[in-house]
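*Asks:* We have chain B already, so just place chain V on it with the hints.
If you want the building blocks of each chain, they are given just below.
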Amino acid sequence: MAGENKNYKIVCENVSKAFIQKGTQRVHVLEGISLEVKNNEFLVILGPGQSGKTTLLRIIAGLETPTEGRIFLDDKKVAGPGQDRGLVFQTYMLFAWRTVMGNVEMGPKLRGVSKAKRREIAQHYIDLVGLTGFEKHYPHQLSGGMKQRVGIARAYANDPEIMLLDEPFGQLDAQTRYFMEKETVRIWEAEKRTVIFVTNNIDEAVYLGDRIITLKGKLPGKMDSAYKVDLPRPREHTDMQFLELRQRITDATQLTL
Amino acid sequence: MGTVANEVIKPVKVERKLSFKGVITNEYFLYVVSFVSFIAIWHFVAKAQLLGKSLATPWEVIKELGRMTQTTLAGKTLWGHIWASTRRILIGFTLGAVIGVPLGLFMALNKYVNAVVKPIFDLFKPMPPIAWISIAILWFGIGEPSKIFIIFIGSLVPCLLNSYNGIRIIDEELYDVVRVLGGNRRDEILQVSFPAAFPALFAGLQISLSIAWTCVLAAELVSARSGLGWIIIRGMKLTKPELVLGGMAIIAIVAMGTTLLISGLEKFICPWKRGIEGL
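Chains as they are written, first to last, in my numbering: chain B, 43 to 299; chain V, -5 to 273.
Check the hints yourself; a few may be wrong.
[Said to hold, decoys possible] Here are the simulated SDA-like pairs of lysine to any residue, each with C-alpha atoms no more than 20 Å apart in a straight line:
#1 Lys178(B) with Trp266(V)
#2 Lys261(V) with Tyr180(B)
#3 Lys267(V) with His179(B)
#4 Lys224(B) with Lys64(B)
#5 Lys178(B) with Glu166(V)
#6 Lys261(V) with Gln183(B)
#7 Lys261(V) with Gly144(B)
#8 Lys157(B) with Asp181(V)
#9 Lys234(V) with Met121(V)
#10 Lys178(B) with Pro189(V)
#11 Lys178(B) with Lys267(V)
#12 Lys267(V) with Ala138(B)
#13 Lys234(B) with Pro274(B)
#14 Lys261(V) with His179(B)
#15 Lys267(V) with Ser76(B)
#16 Lys80(B) with Lys270(B)
#17 Lys178(B) with Phe262(V)
#18 Lys261(V) with Thr141(B)
#19 Lys64(B) with Phe262(V)
For the record, the hints were derived by calculation from the structure and aren't laboratory data.
Note that this is a predicted model, so its numbers are computed, not measured.
Isolated chain B (complex conformation) (with noise of 0.2 Å):
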């Protein structure tokens, strides 16, 4: 069964959630996903809010576990979360405690690398994603775009195989939001992984994605369409190719821009 999915580092196989509240009441919150990720593919997941995406994320991290369904990476059966995956919280979720450095470098130190190791990896990402010169800062110190690279920085610190996303600029003003989303295609230019980027924001998923699945919202959140994104990098709001596509999808789903 499993080993027909060799061309995918992910599969989602009728993926389902319910939660259950207040001991008797069960809220579902997905049904019936089924997705798979190609190796070093940039995967949007778009959906409006109460669409089930963060679940389907945090299931994917192994943070939650599927009511029904499986998930598969690399052929293996997901139970729990790894290192061979990185998330990146819409919150940020930053150890206030911790310097960026320490941050960063939680990963590999939780993984036992020495010390030297671990602060030469930590120093590689955080010139990765353009904090030189912040390594000593506290996160009260950073503006929101900024700890959001401490945030994609400590994820990719961990060296995983995949990236997944959630959210992560939903907390940003629109310029720093624009200038991030830059930022992420330059960083995963320059360190390709698997991603799955989990956004509300049509532009953005157009912006970033090689593929967008979009996600039917209100609870439970249901597969609604796929679709491939065939624009060169570096992209340009305001191509043609790029307006059009948005249009597409706008037309297609209760999402507005």
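*Replies:* For chain V alone, coordinates are given in the frame of chain B:
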């Protein structure tokens, strides 16, 4: 590296010219004005005997305190009395913190410990520590142990409550970060629970300390032959307002010192925390 985050933090030194308006609106200047006016008003109210003979002038208070550092009262100089109270505080407060903080942490981290300890703790929590004075004297006599016991009870409650709540209010997603990075339960506790609870824990220590001072005074007012609380009572019995006021001033200064000590410790242990000014 070519790219840098689109923001840079630069230290800037603001130069201000000396002007009349600049001086009178300077906050340090106003501190001095405020303090000097307070002393002056106090002096004139005492001098004019607006409150009868029951208010000593600031200078009389200082003279009395100076005299007490030279002569003994009940066998102790002023320094001896300060040390008597401070020693009680240090022992009682340390006991309260050493037992209260770990107990609070354990209660927050382990639901079984919580289930065993919480009902009893909730029963004793609302009781003011001073309510324990009489029973403490019955149990331990009028010596040091009964005073230390009351301070211990008073310090225990805020230490326990704050370390408990400090862990309870941690965002669950922070634990997810550790799990995603490959950490286990032990890593979650060491890397998230403890450091995240530190600020609340220190707030608890500060509250405990101020309660400890209340407790030591109450205990010394009831029964003692030494300590700052006893000096105040002594002053009242001898109708020496300068002794009462001097004792009060010394208490304020010593209590401020112990508070600063804890603040300093917190700054040392939690350098990431933004200071709360004026507390």
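*Asks:* When the structure is checked against the list of hints, which entries are broken? Sort them ascending.
*Replies:* 4, 5, 9, 15, 19
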